[in-house]
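Asks: Read off the chains here:
Protein chains: 4
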Amino acid sequence: MGNSFGKLFQITTWGESHGTALGVVIDGCPSNIPLTTTHIQQELDRRKPGQNNLVTPREESDQISILSGVYQDKTLGTPISLFIANKDANPSEYKEIQNKYRPSHADYTYHKKFNTPILSGGGRASARETATRVAAGAVAKQLLRSFNIDVVAWVDSVRHIQASVNTDHVSREHVDATTVRCPDSAVSQQMIDYISTIKKQKDSVGGVIKAVIRGVPVGIGNPVFDKLDADLAKALMSIPAAKAIAIGEGYQSTQMLGSEHNDILYYKDDKVRTKTNHAGGIVGGISNGESIIISVGFKPPSSIGKTQPTIDLDNNETSLTFQGRHDPCVLPRAVPVVEAMIQLVLTDHILRQQCNTTF
Amino acid sequence: MGNSFGKLFQITTWGESHGTALGVVIDGCPSNIPLTTTHIQQELDRRKPGQNNLVTPREESDQISILSGVYQDKTLGTPISLFIANKDANPSEYKEIQNKYRPSHADYTYHKKFNTPILSGGGRASARETATRVAAGAVAKQLLRSFNIDVVAWVDSVRHIQASVNTDHVSREHVDATTVRCPDSAVSQQMIDYISTIKKQKDSVGGVIKAVIRGVPVGIGNPVFDKLDADLAKALMSIPAAKAIAIGEGYQSTQMLGSEHNDILYYKDDKVRTKTNHAGGIVGGISNGESIIISVGFKPPSSIGKTQPTIDLDNNETSLTFQGRHDPCVLPRAVPVVEAMIQLVLTDHILRQQCNTTF
Amino acid sequence: MGNSFGKLFQITTWGESHGTALGVVIDGCPSNIPLTTTHIQQELDRRKPGQNNLVTPREESDQISILSGVYQDKTLGTPISLFIANKDANPSEYKEIQNKYRPSHADYTYHKKFNTPILSGGGRASARETATRVAAGAVAKQLLRSFNIDVVAWVDSVRHIQASVNTDHVSREHVDATTVRCPDSAVSQQMIDYISTIKKQKDSVGGVIKAVIRGVPVGIGNPVFDKLDADLAKALMSIPAAKAIAIGEGYQSTQMLGSEHNDILYYKDDKVRTKTNHAGGIVGGISNGESIIISVGFKPPSSIGKTQPTIDLDNNETSLTFQGRHDPCVLPRAVPVVEAMIQLVLTDHILRQQCNTTF
Amino acid sequence: MGNSFGKLFQITTWGESHGTALGVVIDGCPSNIPLTTTHIQQELDRRKPGQNNLVTPREESDQISILSGVYQDKTLGTPISLFIANKDANPSEYKEIQNKYRPSHADYTYHKKFNTPILSGGGRASARETATRVAAGAVAKQLLRSFNIDVVAWVDSVRHIQASVNTDHVSREHVDATTVRCPDSAVSQQMIDYISTIKKQKDSVGGVIKAVIRGVPVGIGNPVFDKLDADLAKALMSIPAAKAIAIGEGYQSTQMLGSEHNDILYYKDDKVRTKTNHAGGIVGGISNGESIIISVGFKPPSSIGKTQPTIDLDNNETSLTFQGRHDPCVLPRAVPVVEAMIQLVLTDHILRQQCNTTF
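Residue numbers (the numbering used here), protein chains in the order written: chain D, 344 to 702; chain Z, 344 to 702; chain B, 344 to 702; chain L, 344 to 702.
For reference, chain D alone in the conformation it holds in the complex:
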């Protein structure tokens, strides 16, 4: 339960990290949207492991196959089934942990919830699962193109190293210019160096991913529970390691007075705009036409190479030194995941708004 997302543009993902394959079925994609494997592959390539030495060395080509729902490079309106084989699942390296719970890892909670072997179902808790989100997000992106909606996410901070990014002009080209996916060239090298240091220490580190969504028309989002920001919050908090979500000024808004935070409306060039954008483009749960600004705080990955105390399945104290491949910092690879989740929410809400516009 809980492996589907979206009301009209609904995805269902499947696959364990150590199993045969991963995949996603997308139901509710309208017909005649241009779609090829290339559209999806280029997004997956941004997330895949082994891209560079900042990330896990697991070797996965993450080759996408479209099994249904597309004909002559256009969507049919029928379910789109996407498939990714697991090629480098290496159960041997998990031997150490088949009887021990990794600290702060989902081994323990999955085991207690499902009463299954800890190296099986827990495979859904692996970041590997997010490949299918990226694949589905690539389909959503094709639909958003028709609306000229553009989503760009980037690594905004790695621990204490904070970037400064202009949300009006940042582009994917800027983001992908460095392996750490931070468009602030002044600090991106510091981030890279810092992650390398942490990696050598067999430790891990977190940070913040920020995103801007440009071109969303006024009126997207559904009060009172399915607010656009509420659905974005759920989408982003469901990404592994996410622990904090902020819209617009986020926690900074708690330090402002109403007279400071209120965004004053004005009219220019046939368009209603606001002079500031403290709200981050969403008011009352509905888009106001300004750029939507959102950020996600990621904790450091729980899988580290250092020896840690823990308990085994019989509740005896023991210690564990995890040898498996893992990322010292998930942020660079999480950038396309954040974009995908945002694209899925927007597409769903844009389709939902179609139902209200004809009267």
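Keep in mind the hints are simulated off the structure, nothing from the lab.
There's no promise every hint is true.
Any copy, or any two copies together, can satisfy a pair, since identical chains are not distinguished.
[Said to hold, decoys possible] Quick list of in silico lysine-lysine cross-link-like pairs, DSSO-like style, CA-CA up to 27 Å: (1) 417 <-> 455; (2) 649 <-> 455; (3) 649 <-> 611.
With chain D fixed as given, assemble chains Z, B and L onto it according to the hints.
Replies: Just chains Z, B and L, lined up with the frame of chain D:
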């Protein structure tokens, strides 16, 4: 669309701030849960306006009626319909704004989304709507009692004034000891004084509400999208004026190394525990048996008494001095709303877990 | 659970037959649909008890109140809450049955499912619940008007008395011309006489309601599970006492060869039509532009005045003579219920199709 | 949209008849249910084409692969992804119909709904899609085994040839004893001969499938919309070519008086029973512990070998002689599909009832 919440314990709320009444229908509440109007009224009384001089003077008794689903003080398993009359709707005071958009208020976005008069549908964007959330939350609370689950929320900060609260021992009695609902007696008076100052300045102020959920068994939450933290994030972000959500250490976790953040498991008194609780009680989207810690950042209310520039419905520049009754700080009244949304999420997920436990 | 219906135009009904009131909340109705209490009341008046001596003498005016979602006679796009008071609930007449299960009535199944007193929750099994369906259907009807879609249902047979009705021309005026709601004037008096005879015998009788839906555009319905006919089947089978559903030729189609049943396509006056309409307007779960023809078989009501053997709550054999007010034949009052359920399904599917038409 | 079914035990199917593959993802299956490919394959083998000369000669082995959700022959509680390759898709034989609508086939309605080439998306309207329903039903069946619930369906009539079957004793062995899947040995040969005759005439024929569900406990089903019979009606009406659904006496009940139709309750051997079972095991939408009896009327298949008039994509009159492989009578292969849909509904409702039983 979007006025229902929950999968198994599903609520649907209705009613505009300036209309006849408000209400909520709860479908999916099991039978034979003890429930009387008193259970609900005592929660509503914590949220109602006019309680003290920190909050809006609108006079609403918020008297609850149970119209269905309960017989001889027990739930029937049929839909529970709850009703609250609006007694002090005062449309006259809204004359000023019938042709002008209030800055940062949902007037503009509702108007563009629904193409309806700005003083009508926008009534759903009023904080008044949250009364029905509190009423539904009170029903959920009755069910959570059988599981010995306890939710306590409080005002943790008002702008720069920060409380210090022990999440193991904080109780509702501590919270309700002061009108500002901050259990830290050392700072609660500062908060009260500060809000009074802001009120005199015809301005408004935000802050943070924090909550602890004690007694949740291991195994609650559904990967990969309906994670417990993801559903909590949606629930809380859907509250008016919420702009940031954090679980456990939240953004602080981005400043920690993996070796610092990992919560080490140990076994004591027949129970698996963690030595620290940086995760805030949720790992891989599933509760781990530790207390769940969550916080919500609220922006300052957009309705302020100061004169502000804006535009009218014809896009002409104008200015607006809002005379309507409003809260200088929503936090004290938002405390029961935060609790209610948490109770709704937990109840829903606990019912969902019933389906997985029999095999 | 199970008291909501529809995906985009979603209704949630509440209220027990012997309680204070009944109601329905409609979420997902677009804004700016004309709607007044009159639109709803005229449909409710067709269903209400006490209309004539064919039906139950329970005295209920079934006065509708619109509590939210409508302003200045137009829908707001927010939830529409509709309310009907119970005025003539008469628990005294149910004394006889508070410890005995009525044969073939839901007393027993509700009691076992919910473990609640048999005269309480079982109130949801009363035909009284259908008043809220009719109220919601009246709102759907207002939306269908914009699409020139027209739904007409009628009593097609009462036991062995079979009407002959031209589905191209039958209108509500024809249907409402007699109290039995059969537009075939040649047999309607026979039906009336027969029901009166059955009533005198303290017995009850069933029959068939048939409906035609004219004006549905091609392309409505969603393969493969949410087919238009599948959703109609669910909607109609959920009406109390419904036991059989047929689309187009229904069971008659099992007696035909493919070469006889196939509807040949032709083109005339800028429109694709079929020469016959054996399919009843739905092919592959999608409307084909021809009239949709559907019928519902209703069993005789279980509440009869004759003395019947049964068991009591302690499983002892006993007998029961039910004195409560009831209908000897539900069909005349079920006609607006059938129309309402059809209108709800169509409205939902038409809104769903909005999401597929823009590309 | 519309390719998912079920609320807690939710399946999503995908795949076009002429595409690469078909599949289904099952979300919500509890963990630790025994499941192997054999469990699924034996059900698929009953549905697969080419079994004998009564059915389509298309050669499909319909080999099932389990891609996720199962480990060491037990379910994990994670999504179960099932995959079936298409091996004998033969687009060449569809050349004749790439510009012409087959009469009474979904070509036309899919084309108008989705605006896609008629030989692509329409592939979802093929009976081939039902393979995935059978695969998912086999998983549901494994769960129903723990409850000792048993579903048996059979061919009850082929056009005018009517079987006589004892619903208390009929078993799968009786059903599978003949290729026509009719357990009445006296008439099964007549059915076989008749279908062969029709096949030689290049025509097609329909009939009725009936099913009995034994062992369902009292209390399954959710009033008022998600009644057990309503959900069964939807499930069965969504099967290609289904045109009529009946529960218990079905249309026969319209010919009975209340005093004849009412099932009298009695108590024997620690169990409440009814003397008759006219209701077919469901009262007020909830199971009463008696066997559930349901039937589905299937129209004759639209694909026939005879030359028929039709129109082409430019609306010109033409004629069509379909050369593709097809079934003269779908009933023998539809028997496992009917069982699968029933199993899916029951499993879903049994899981839903788990949420109501703990208080």
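Asks: If a hint holds in the structure, say so; if it doesn't, say that too.
Replies: Against the structure, the hints come out as follows:
1. 417 <-> 455: Classified as between; 16 Å across copies, 44 Å inside a copy.
2. 649 <-> 455: within (25 Å within a copy, 55 Å between copies)
3. 649 <-> 611: So residue 649 and residue 611 pass the 27 Å test across copies only (24 Å; inside, 58 Å).
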